[in-house]
Amino acid sequence: MRFPLSFWDISLWLAVTSIILLITSELISPYYGKTNILINKKRLRNAALTTGTLFLITVAIRIYSLVTST
Amino acid sequence: MPKRLVGWLLLALGLTALAISIIYESTILAFIGLGLTFWGTLSLYISPEKYVKQTLLDSTTIPALTNLNQILSELKYQGKPIYLPPKYFRDFETTRIFIAKNKRTKLPTAEEIQQQGEKTFLENPEAALITPPGLSLSKLFEKTLGTTFTRVDLEYLQQNLPKLLIEDLEIAENVEIETEYKDTDEITDSISENRIKNNLIHVKITNSIFKGICTENRKPSYKFCTIGCPLCSAIACALTKATGEPIVMERFQTSEDGEIIETTYRILETTEPQEQAEKALTEAAEIIEPHPSRLSKVAGLFLIAYGSAILAWIGWLTWYEITTVGKDFILIFFGSRTNDPIGLGIGMRVIYYFLIGLALLFSGLITFVRRRRSKV
Chain A
1 MRFPLSFWDI
11 SLWLAVTSII
21 LLITSELISP
31 YYGKTNILIN
41 KKRLRNAALT
51 TGTLFLITVA
61 IRIYSLVTST
Chain B
1 MPKRLVGWLL
11 LALGLTALAI
21 SIIYESTILA
31 FIGLGLTFWG
41 TLSLYISPEK
51 YVKQTLLDST
61 TIPALTNLNQ
71 ILSELKYQGK
81 PIYLPPKYFR
91 DFETTRIFIA
101 KNKRTKLPTA
111 EEIQQQGEKT
121 FLENPEAALI
131 TPPGLSLSKL
141 FEKTLGTTFT
151 RVDLEYLQQN
161 LPKLLIEDLE
171 IAENVEIETE
181 YKDTDEITDS
191 ISENRIKNNL
201 IHVKITNSIF
211 KGICTENRKP
221 SYKFCTIGCP
231 LCSAIACALT
241 KATGEPIVME
251 RFQTSEDGEI
261 IETTYRILET
271 TEPQEQAEKA
281 LTEAAEIIEP
291 HPSRLSKVAG
301 LFLIAYGSAI
311 LAWIGWLTWY
321 EITTVGKDFI
331 LIFFGSRTND
341 PIGLGIGMRV
351 IYYFLIGLAL
361 LFSGLITFVR
371 RRRSKV
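Residue numbers (the numbering used here), protein chains in the order written: chain A, 1 to 70; chain B, 1 to 376.
These are computed hints drawn from the structure, not numbers from a lab. Just so you know, not all the hints are guaranteed correct.
As the list claims (entries may be wrong) - Partial selection, computed: residues in chain A whose CB lies under 7 Å from chain B:
| # | residue |
| --- | --- |
| 1 | Met1 |
| 2 | Leu5 |
| 3 | Leu38 |
| 4 | Ile39 |
| 5 | Asn40 |
| 6 | Leu44 |
| 7 | Ala47 |
| 8 | Val67 |
Unchecked claim - When the alpha-carbon atoms are kept at most 30 Å apart in a straight line, the in silico DSS-like pairs for lysine-lysine are as follows:
| # | chain 1 | residue 1 | chain 2 | residue 2 |
| --- | --- | --- | --- | --- |
| 9 | A | Lys42 | B | Lys53 |
| 10 | B | Lys163 | B | Lys50 |
| 11 | B | Lys101 | B | Lys80 |
| 12 | B | Lys80 | B | Lys139 |
| 13 | B | Lys103 | B | Lys204 |
| 14 | A | Lys41 | B | Lys139 |
| 15 | B | Lys119 | B | Lys76 |
| 16 | B | Lys204 | B | Lys53 |
| 17 | B | Lys119 | B | Lys103 |
| 18 | B | Lys50 | B | Lys80 |
| 19 | B | Lys106 | B | Lys119 |
| 20 | B | Lys204 | A | Lys42 |
| 21 | B | Lys297 | A | Lys41 |
| 22 | A | Lys41 | B | Lys50 |
| 23 | B | Lys139 | B | Lys50 |
| 24 | A | Lys42 | B | Lys103 |
| 25 | A | Lys42 | B | Lys163 |
| 26 | B | Lys139 | B | Lys297 |
| 27 | B | Lys204 | B | Lys139 |
| 28 | B | Lys106 | B | Lys143 |
| 29 | B | Lys219 | B | Lys80 |
| 30 | B | Lys50 | B | Lys204 |
| 31 | B | Lys106 | A | Lys41 |
| 32 | A | Lys42 | B | Lys139 |
| 33 | B | Lys163 | A | Lys41 |
| 34 | B | Lys143 | B | Lys53 |
| 35 | B | Lys119 | B | Lys143 |
| 36 | A | Lys41 | B | Lys53 |
| 37 | B | Lys143 | A | Lys42 |
| 38 | A | Lys41 | B | Lys204 |
| 39 | B | Lys80 | B | Lys119 |
| 40 | B | Lys50 | A | Lys42 |
Every value quoted in this text rests on a predicted model; they were computed, and no experiment measured them. For every residue, glycine included, the Cβ atom is placed at its ideal position computed from N, Cα and C.
Make a model of the complete structure from these sequences and hints.
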């Protein structure tokens, strides 16, 4: 019994999720006119930024591992 | 409630799928579980605050404004409503509207108003001091921005009010604030008698949630329409607090469909000595709990700490390489580090780190200096 996803699988999943969330958050931004979607847009943006940051951290870890392995 | 139910359902399904994926070591199930758990949690996290219908807002607010108008009309108040800044009162966080009984009555000094206490109806001169309909809304603005308008200036309002109204509170679709400064010696009415400047502020609001109330308030039957709807009144409160001067709503324009509301505010700058009021404001600023812009403070500290850490590391590296390896400064700073982890595989040199460290340190310091200036 072990968790079947590797670190890079999660990194890829984070990348896809963050892109979806960032695009959604940008499209429903009040600056493009009021939308009738009743969600907390600020929280959605925060979630998008958090997943984006997490993905960038995984990228940084990847770069670090590449540099140190040489 | 069903929305939250969906969230919980997704979360439960996701966790189950994750558990099964661990038991059977299935990658696909793990992805599905991860996705369901994430979206379930997200849907619970982004669920909206309580919303009310706009029609409900209109029908509950309009009667209060109508009443205010009727009372003032029946009491035969004829003066133009003037928004007074906190320096006119003992409570340094409030603003009130001054309406003189007589059209020709001059605006009394801050001292004269303070002497008469917190009365609603003043006797000398005969006038009314009423609470603006947008006072609570302006306090909500302050709470959301994490500051008090007595500590900011007009420029701050110009930069932050549109974002606040559009993005944070979603009150309007677009907000534009423009200032117009013009010196004039003209004395147009009793209000301007002891003024030297007429500074105008134009506010254009597009598709506001208060458009129904605003349109209603501007009907000819509303004698005191220059008190404003809650939104226009809240903006007037913010302006009078930020400028520290009395404000008058000068002109209104509403588009045919009521979507665009344009309001012009006039700042009445007093020529009388204000040492006492300024002193009182300074005292108040010491008493009132500070509302620092926490984000800029944290950002500034973070930049300074980061910059300092990089510079300290460069200092240690330089010292180490001079004393142990015997390198000189030029070689240390400009020498190639291709085979070193410092190079990061992209040709980084110590000088680049040094410049990054300096940039971070100065950015942090500038953030701090700007904060201090805005406080002053």
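Outcome of the hint check:
{"no.": "1", "hint": "Met1", "in the structure": "holds, 6 Å"}
{"no.": "2", "hint": "Leu5", "in the structure": "holds, 5 Å"}
{"no.": "3", "hint": "Leu38", "in the structure": "holds, 4 Å"}
{"no.": "4", "hint": "Ile39", "in the structure": "holds, 5 Å"}
{"no.": "5", "hint": "Asn40", "in the structure": "holds, 5 Å"}
{"no.": "6", "hint": "Leu44", "in the structure": "holds, 5 Å"}
{"no.": "7", "hint": "Ala47", "in the structure": "holds, 6 Å"}
{"no.": "8", "hint": "Val67", "in the structure": "holds, 5 Å"}
{"no.": "9", "hint": "A/Lys42 x B/Lys53", "in the structure": "holds, 21 Å"}
{"no.": "10", "hint": "B/Lys163 x B/Lys50", "in the structure": "holds, 21 Å"}
{"no.": "11", "hint": "B/Lys101 x B/Lys80", "in the structure": "holds, 9 Å"}
{"no.": "12", "hint": "B/Lys80 x B/Lys139", "in the structure": "holds, 24 Å"}
{"no.": "13", "hint": "B/Lys103 x B/Lys204", "in the structure": "holds, 29 Å"}
{"no.": "14", "hint": "A/Lys41 x B/Lys139", "in the structure": "holds, 22 Å"}
{"no.": "15", "hint": "B/Lys119 x B/Lys76", "in the structure": "holds, 18 Å"}
{"no.": "16", "hint": "B/Lys204 x B/Lys53", "in the structure": "holds, 24 Å"}
{"no.": "17", "hint": "B/Lys119 x B/Lys103", "in the structure": "holds, 20 Å"}
{"no.": "18", "hint": "B/Lys50 x B/Lys80", "in the structure": "violated, 38 Å"}
{"no.": "19", "hint": "B/Lys106 x B/Lys119", "in the structure": "holds, 18 Å"}
{"no.": "20", "hint": "B/Lys204 x A/Lys42", "in the structure": "holds, 24 Å"}
{"no.": "21", "hint": "B/Lys297 x A/Lys41", "in the structure": "holds, 25 Å"}
{"no.": "22", "hint": "A/Lys41 x B/Lys50", "in the structure": "holds, 14 Å"}
{"no.": "23", "hint": "B/Lys139 x B/Lys50", "in the structure": "holds, 20 Å"}
{"no.": "24", "hint": "A/Lys42 x B/Lys103", "in the structure": "violated, 47 Å"}
{"no.": "25", "hint": "A/Lys42 x B/Lys163", "in the structure": "holds, 12 Å"}
{"no.": "26", "hint": "B/Lys139 x B/Lys297", "in the structure": "holds, 23 Å"}
{"no.": "27", "hint": "B/Lys204 x B/Lys139", "in the structure": "holds, 21 Å"}
{"no.": "28", "hint": "B/Lys106 x B/Lys143", "in the structure": "violated, 34 Å"}
{"no.": "29", "hint": "B/Lys219 x B/Lys80", "in the structure": "holds, 17 Å"}
{"no.": "30", "hint": "B/Lys50 x B/Lys204", "in the structure": "holds, 28 Å"}
{"no.": "31", "hint": "B/Lys106 x A/Lys41", "in the structure": "violated, 48 Å"}
{"no.": "32", "hint": "A/Lys42 x B/Lys139", "in the structure": "holds, 21 Å"}
{"no.": "33", "hint": "B/Lys163 x A/Lys41", "in the structure": "holds, 14 Å"}
{"no.": "34", "hint": "B/Lys143 x B/Lys53", "in the structure": "holds, 24 Å"}
{"no.": "35", "hint": "B/Lys119 x B/Lys143", "in the structure": "holds, 27 Å"}
{"no.": "36", "hint": "A/Lys41 x B/Lys53", "in the structure": "holds, 19 Å"}
{"no.": "37", "hint": "B/Lys143 x A/Lys42", "in the structure": "holds, 16 Å"}
{"no.": "38", "hint": "A/Lys41 x B/Lys204", "in the structure": "holds, 24 Å"}
{"no.": "39", "hint": "B/Lys80 x B/Lys119", "in the structure": "holds, 19 Å"}
{"no.": "40", "hint": "B/Lys50 x A/Lys42", "in the structure": "holds, 15 Å"}
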